[in-house]
Amino acid sequence: MRSRVRWFVAVGLLALVVGMIGGVPQAQTQAFKVCSDIAWPPFEWVDARGQFVGFDLDVMRIVALLKGYRIDIQNLAFDSIIPAVVAGQCDIGASGFTITEERKRVVDFSDPYWESNQAVLVHAASGLNIITAFKAGQIIGAQRGTTGADWVEQNVIKQGINVTLRLYETYPLAEQDLINRRIHAVVEDEPAAKVAVKTSRGALKIAGMINTEELFGFLVRKGDPNRLLPRINDGMKEMKRKGIWNNLIEAYFGVDVNLDRVAQCYADLKGWLDRNQPEAYAENLAACMSGQTYRRP
Amino acid sequence: MQRLEKLELIWQSLPLLGEGVLVTMTLTISLLGVGLLLGIPVALGQAYGPRPVRLLMSSYERFFRAMPILVLLIVCFYGLGFWGIYVPAFGTAVVVFGLHSSAYQSQIFRGAIQAIKEGQLLAARALGMSRLQAIRYIVLPQALRLSLPGWSNEYSGVLKDTSFVFAIGVTELTRQGWQIAMRTREIFLVFITVAVIYLILTYLGTWLLERIERRLSVPGLAGQRREEHGRVI
Chain E
1 MRSRVRWFVA VGLLALVVGM IGGVPQAQTQ AFKVCSDIAW PPFEWVDARG QFVGFDLDVM
61 RIVALLKGYR IDIQNLAFDS IIPAVVAGQC DIGASGFTIT EERKRVVDFS DPYWESNQAV
121 LVHAASGLNI ITAFKAGQII GAQRGTTGAD WVEQNVIKQG INVTLRLYET YPLAEQDLIN
181 RRIHAVVEDE PAAKVAVKTS RGALKIAGMI NTEELFGFLV RKGDPNRLLP RINDGMKEMK
241 RKGIWNNLIE AYFGVDVNLD RVAQCYADLK GWLDRNQPEA YAENLAACMS GQTYRRP
Chain H
298 MQRLEKLELI WQSLPLLGEG VLVTMTLTIS LLGVGLLLGI PVALGQAYGP RPVRLLMSSY
358 ERFFRAMPIL VLLIVCFYGL GFWGIYVPAF GTAVVVFGLH SSAYQSQIFR GAIQAIKEGQ
418 LLAARALGMS RLQAIRYIVL PQALRLSLPG WSNEYSGVLK DTSFVFAIGV TELTRQGWQI
478 AMRTREIFLV FITVAVIYLI LTYLGTWLLE RIERRLSVPG LAGQRREEHG RVI
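Protein chains in written order, with our numbering: chain E, 1 to 297; chain H, 298 to 530.
Don't read these hints as lab results, they were simulated from the structure. Quick reminder that beta carbons are idealized off the backbone N, C-alpha and C, glycines included. There's no promise every hint is true.
[Unchecked claim] Quick list of simulated restraints, FRET-style, between CB atoms:
| # | chain 1 | residue 1 | chain 2 | residue 2 | range |
| --- | --- | --- | --- | --- | --- |
| 1 | E | 105 | H | 408 | 44 to 54 Å |
| 2 | E | 261 | H | 485 | 23 to 33 Å |
| 3 | E | 125 | H | 446 | 50 to 60 Å |
| 4 | E | 127 | H | 311 | 37 to 47 Å |
[Said to hold, decoys possible] Incomplete in silico selection of chain E near chain H, CB under 10 Å:
| # | residue |
| --- | --- |
| 5 | 35 |
| 6 | 40 |
| 7 | 46 |
| 8 | 76 |
| 9 | 80 |
| 10 | 86 |
| 11 | 87 |
| 12 | 169 |
| 13 | 196 |
| 14 | 258 |
| 15 | 259 |
Working from the sequences, and respecting the hints, build out all of it.
Structure follows, in structure tokens:
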């Protein structure tokens, strides 16, 4: 009898210890924590091998290499990232954030690294164009906390047009609902919309573009306590000077690119980053992603 | 052909989903452990403690039962960061879920403790045991057995609640599925697979607890399953 009670307690204690050990490794890292919602190709997504890939993340990795610091990439829900940066749980937010006045009040942004416009996605069989997509009574989808959602709010609903804005956890879910025809249109950034059209196998099309001319930036805690912004800005300039930047754009946004190749390409080529040769990495990644021959480290 | 492709997709996703299962199970077992260690004293305090202790334990239990788990997680993880206290996400999850579960577990134990007839305690005292000894050797061994069915219910409940931890950046089973679904756009297929995995985990856990329950069963103890010639009577 006695031993059984002890056994009960022992299991409890063991479980507690397992829990604590599980928590320790994260506490020991000295690197800067980069937080991203890794579910938005081609800027950041998790590939078939479970690797974190995408344009934003590669920029972060290469800047860190050039400027001599380490990063630790953390996958976090999009609308949790700014609160996490404000609370100091993340050092850098890198998730295709548009620089807005509202966000600038709580965080500081790097120099812009991407200019984006909003695309209006509709079902290919719906016959809607960019005007009829926003007719009264229509349902428009967007991801919660994004500038796409904000645009619909400001420029359609506040103008007195009676549409319903439906907010989703991520854009791929909004696209799925559009494919299922439960909503009429989705407003999202152009590169991601193009990926959606490609993967939908003809179900979706882009009805038109809205020239919002938004600029993306990396964000850090207000006041930049770790002096990260000068390093990020400088690192991005160096990437452009060395031709790394253009190769990364080619790799993720090029016309012949097949994003499914990334699992193989990244696994084969990340050795270049480990050897501190970002130029070779970007050049070969661009080749590999568009199906050309490439050189492994 | 297309069907084959889909089967292949599930097959290829299994290692990633397996990583998710590992995180989900480590978290579930750890939080149940924390809840067990805290839940028993809370239940004992509520059942046998003097009035101030009873009051304290009751307010602890009411507080944690009233708090939505997601709110607690966010307050503890981001809130503490605000005060300059940085806690690892997984550790925070274990503690927060553990406290939350301890409140529920305490009620399972309290119910079981109160199911033990008062007369047994009196009899033990009459035999010369102290009050603590009586609780330790007479009440607890029976009460813990009686609480096993309720405990197995708690297991299947918290197992699914653990998917909330993604709010603080811990990637468990649901989130792994989420990531695969976002990449492949096979939302239905991936989440059906995730659902089947949860079903298996729940089934295995409750099966194991049922076996433990049967192993530890004492003939004549109220609420115990009795078997005769292999038939449950």
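Hint by hint, here is what the structure shows:
no.: 1; hint: E:105 to H:408: 44 to 54 Å; verdict: holds, 51 Å
no.: 2; hint: E:261 to H:485: 23 to 33 Å; verdict: holds, 25 Å
no.: 3; hint: E:125 to H:446: 50 to 60 Å; verdict: holds, 54 Å
no.: 4; hint: E:127 to H:311: 37 to 47 Å; verdict: holds, 41 Å
no.: 5; hint: 35; verdict: holds, 7 Å
no.: 6; hint: 40; verdict: holds, 8 Å
no.: 7; hint: 46; verdict: holds, 4 Å
no.: 8; hint: 76; verdict: holds, 4 Å
no.: 9; hint: 80; verdict: holds, 6 Å
no.: 10; hint: 86; verdict: holds, 8 Å
no.: 11; hint: 87; verdict: holds, 4 Å
no.: 12; hint: 169; verdict: holds, 8 Å
no.: 13; hint: 196; verdict: holds, 8 Å
no.: 14; hint: 258; verdict: violated, 13 Å
no.: 15; hint: 259; verdict: holds, 9 Å
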